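Enquirer: Build out the structure end to end from the sequences listed, making use of the hints.
As you go down the protein sequences, you meet chains A and U in turn.
Residue 295 in this note's numbering is what sits at position 284 of the first sequence, and the numbering runs on without skipping anything.
Residue 233 in this note's numbering is what sits at position 222 of the second sequence, and the numbering runs on without skipping anything.
Honestly, I wouldn't trust all of these hints.
No copy labels: a pair is met if it fits in one copy or bridges any two.
[What the hints assert, rightly or not] Simulated pairs of lysine to any residue, SDA-like, Cα-Cα distance not exceeding 20 Å:
hint : residue 1 : residue 2
1    : K331      : M192
2    : K363      : N399
3    : K228      : N217
4    : K316      : A302
5    : K78       : G38
6    : K238      : D309
7    : K291      : P250
8    : K238      : E313
9    : K291      : G241
10   : K304      : P317
11   : K304      : K316
12   : K319      : L156
13   : K238      : K291
14   : K240      : V189
15   : K240      : G160
16   : K60       : N16
17   : K291      : D248
18   : K60       : N195
19   : K316      : Y244
20   : K228      : G266
Hint data in this document are derived by calculation from the structure and do not stem from the laboratory.
Nothing here was measured: the structure is a model prediction, and the numbers come from that model.
Given next are the chains, with one letter for each unit.
Number of protein chains: 2
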Amino acid sequence: MKTANFGVIGISGRGSGMMRELMAVPGVNVVAVCDKYQDRAENGVKIVKEVQGTDAAMYLDYKELLKRDDISAILCCTTWITHCRIAIDSMRAGKHVAIEVGGAASVDECWQMVHTSEKTGKFCMLLENCCYDRNEMAIYNMNSLGMFGEITHLEGGYRHDLREEICLGRENRHGRLVNFMRRNGELYPTHELGPLSKLININRGNRFLTLCSMASKSRGLNVWMKKNKGEDYDIADFPFNEGDVVTTMIKCANGETILLTHDCSTPRPYSRNYNVQGTKGIYNETDDERAGKIYFDDFEREDWKPFKEFRDKYEHPLWKLYSEEGIHAGGHGGMDYLVLSAFAEAAINDVKPPIDVYDTAAWMSITCLSEQSAAMGGMPVPVPDFTNGMWIEREPYRRGKFCLDEVCRDCFENIDGEEK
Amino acid sequence: MKTANFGVIGISGRGSGMMRELMAVPGVNVVAVCDKYQDRAENGVKIVKEVQGTDAAMYLDYKELLKRDDISAILCCTTWITHCRIAIDSMRAGKHVAIEVGGAASVDECWQMVHTSEKTGKFCMLLENCCYDRNEMAIYNMNSLGMFGEITHLEGGYRHDLREEICLGRENRHGRLVNFMRRNGELYPTHELGPLSKLININRGNRFLTLCSMASKSRGLNVWMKKNKGEDYDIADFPFNEGDVVTTMIKCANGETILLTHDCSTPRPYSRNYNVQGTKGIYNETDDERAGKIYFDDFEREDWKPFKEFRDKYEHPLWKLYSEEGIHAGGHGGMDYLVLSAFAEAAINDVKPPIDVYDTAAWMSITCLSEQSAAMGGMPVPVPDFTNGMWIEREPYRRGKFCLDEVCRDCFENIDGEEK
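Expert: What follows is the structure, encoded as structure tokens:
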């Protein structure tokens, strides 16, 4: 079995969880860990020892780690605003890189990622775990069978009550607090935009053209702090820039519209607010624990059916395979393990990943573009074509079982998905 | 009991239904009916005879009907694009007027309605029945009790699979077909925008500032016709201008955002897609037969509860009253009767209605403004202030039981709504 050495940068709660998942993938050998906080870096060494039984080198400065020539790939789980620069530095140091999700601070750093990847031949993969979630993958499968007809409109959201995590950012060392203080836009677009983009072949025959964003007033965080930390809490009256709900409309080259909602400072149950509309049917994620509902034109009654029975019937081959093999029950119900497996397999075999630098740049750029648009009252802003025209003729990825562009039935054995 | 004479213009299926409801309101006397189609006008005379036992005068030209000096008010249920001009002509002829819902063709005709109403002292009321629907009114009541905290974001949609009605427009004489052929925008905004506007005091301390609209490609109608009328149907390949899904974002003076979705040519169950978000709670209309779900910050578990139990507890006083009196079981579960009662009461007593010409103009203008924005790629366009600054200090309506601006508890007897 092929193996490769990995370095991990950013050993927060999330980072250490992701590192554990990564080490569970066959062929992965973590040899170095890094965090700017000493306690987190030490914890990284401890976890590697516990899982692999080996002594990982410890760094507080990621640039020192990148100097090593025995590392093939980097997993980066730092704070949002540092992902792009660490990705760029990693590729410049001759390493493939995967970064945790988040949005870009500027269009320039997206271009830098693209240029660096093109120049070095190293890949940069956004670890968009939701691309590998079970419902989303069953939807790819059903779409590849033509069940929705032609897709015309998509919706998704990150509707997650994170008031406590945001407000206590100085205690939990999470970057959300400062981002909500200073920025106003679609700060976290990729959980929904990743899977939606794969459904309509963004960067492979389609692309984002323009977007418009609008932000509501900001009230939720102040109300939460006054209620939970007291009227005298030092930042209870801080004038947050981030609106409680930020709405973004994206227009695509092939005429589809995508609606995104960022909604993290309102009391509410979790939802990714998924909505897929086509000429033959519609899928809608209801808000209760990731359940969904579905309707097709040929139903006898004009009423939704629970998605569950369709997911069972049209389970994506990758999920079937993993269920049969006994999937590693990792974070977020398995999707973390799958996206890390996709990354590790590409890094170990030195091949292109299913989410490449063009996807990473396009998806992440939505954040800074939405800030621009919202600041200009919803003015449409162009989304750059990070492929410089290659999107027009780029083929689907079709490289093994982690492919997201099409359901590559040839890559799987014993698949008996019913055709419709 | 005071009575007044009414004329009815537009006796389509909808028009004749509305006329029957209107005649059920105490004090209403329909003396004249008009339709440009002879068969419909004759049907109007027949219905009046059947319900009132009187002989209504029949007209094919509404301008002839407007010459009569024994008519106090006009009910207009014609096709979308004629509502404004008939409203203007009615007020010029010295009659109050109520018009069925729809959007405006231009900002100019909205201003004409406003100027004519101000000059003549006659009112123009949009018959937005959804303002009087049971769930919406319970939400007003809960909001007036402060249960949502400060509202930050609202959503609504007209998500109604009307493919058959649209495509067969030449047979059913409905205006939708030609509008979908030629226009591209939020063609039907008021079912959701009316109630949402009343929640956040539009034109009375708040107003719409700007909007951005974006339309998806148009595919649904062609697919429907090919499937149901055959590939050779004469308009099966007609290049419809109206996108299958049109999304509109509105920014309000007090910082709220409103998201509207027009979605009538996709296979789907019905939804008005209501979403009310505030600092303390959230209401969400699920898609199943107008049920809703609700969540408040003080719930023990982060999970939705069915709205039904809250609606029972916080039933709006008007609905309570009508339930006790034995509500006239009219169209759309009672809301048609309520909105017509509000109109008739204002006309009979010659007082201002709860939905006035400023509301009518502001809500209807969203249609032509969204066409402008969509045509310019989502460019923000200003929404005119049809009150010319009066919105800043206008008080809530507070005039009897049909009030929508505040829950006027003084106007109702025997109200025991629990305060929170």
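Enquirer: Compare the structure with each hint and give your call.
Expert: Verification of the hints:
1. Taking identical chains as interchangeable, the C-alpha atoms of K331 and M192 are never at most 20 Å apart, the minima being 43 Å within one chain and 45 Å between chains.
2. Taking CA atoms no more than 20 Å apart as the test, K363 paired with N399 passes inside one copy only; the shortest distance there is 18 Å, against 60 Å between copies.
3. Taking the shortest Cα distances, K228 and N217 sit within 20 Å of each other only across copies (14 Å), while inside one copy they are farther apart (34 Å).
4. Taking the shortest alpha-carbon separations for K316 and A302, both the intra-copy value of 11 Å and the inter-copy value of 16 Å come in at or below 20 Å.
5. Proximity of K78 and G38 under a CA criterion of 20 Å is satisfied in neither setting, with 22 Å inside one chain copy and 89 Å between copies.
6. Within a single copy, K238 and D309 get their C-alpha atoms only as close as 50 Å, which misses the 20 Å cut-off; across copies the closest is 11 Å, which meets it.
7. When the C-alpha separation of K291 and P250 is checked against a cutoff of 20 Å, the pair qualifies only between copies, where the shortest distance is 19 Å, while the shortest distance within a copy is 46 Å.
8. Proximity of K238 and E313 under a CA criterion of 20 Å is satisfied inter-copy only: 17 Å between copies versus 44 Å inside one chain copy.
9. In this assembly of identical chains, the alpha carbons of K291 and G241 lie at most 20 Å apart only when taken from different copies (16 Å versus 52 Å within one copy).
10. Taking the closest pair of Cα atoms, K304 and P317 come within 20 Å of each other both inside a single copy (4 Å) and across two copies (17 Å).
11. For the homomeric pair K304 and K316, the shortest alpha-carbon distances inside one copy (5 Å) and between copies (18 Å) are both at most 20 Å.
12. Taking identical chains as interchangeable, the C-alpha atoms of K319 and L156 lie at most 20 Å apart only when both belong to the same chain, with a minimum of 18 Å there against 39 Å between chains.
13. In the homo-oligomer, the alpha carbons of K238 and K291 lie at most 20 Å apart only across protomers (11 Å), although the nearest pairing inside one protomer, at 48 Å, exceeds that limit.
14. Taking identical chains as interchangeable, the C-alpha atoms of K240 and V189 lie at most 20 Å apart only when both belong to the same chain, with a minimum of 18 Å there against 58 Å between chains.
15. In this assembly of identical chains, K240 and G160 lie within 20 Å of each other by CA distance solely across copies; the values are 18 Å between and 51 Å within a copy.
16. Taking the closest pair of Cα atoms, K60 and N16 come within 20 Å of each other only inside a single copy of the chain (15 Å); across copies the shortest separation is 90 Å, beyond that limit.
17. In the homo-oligomer, the alpha carbons of K291 and D248 lie at most 20 Å apart only across protomers (17 Å), although the nearest pairing inside one protomer, at 49 Å, exceeds that limit.
18. In this assembly of identical chains, the alpha carbons of K60 and N195 never lie at most 20 Å apart, being 42 Å within a copy and 62 Å across copies at closest.
19. With identical chains, the CA atoms of K316 and Y244 are never at most 20 Å apart, being 48 Å at best within one copy and 32 Å at best between copies.
20. Taking the closest pair of Cα atoms, K228 and G266 come within 20 Å of each other only across two copies (5 Å); inside a single copy the shortest separation is 31 Å, beyond that limit.
Hints 1, 5, 18 and 19, counting from the list given before, are not met by this structure.
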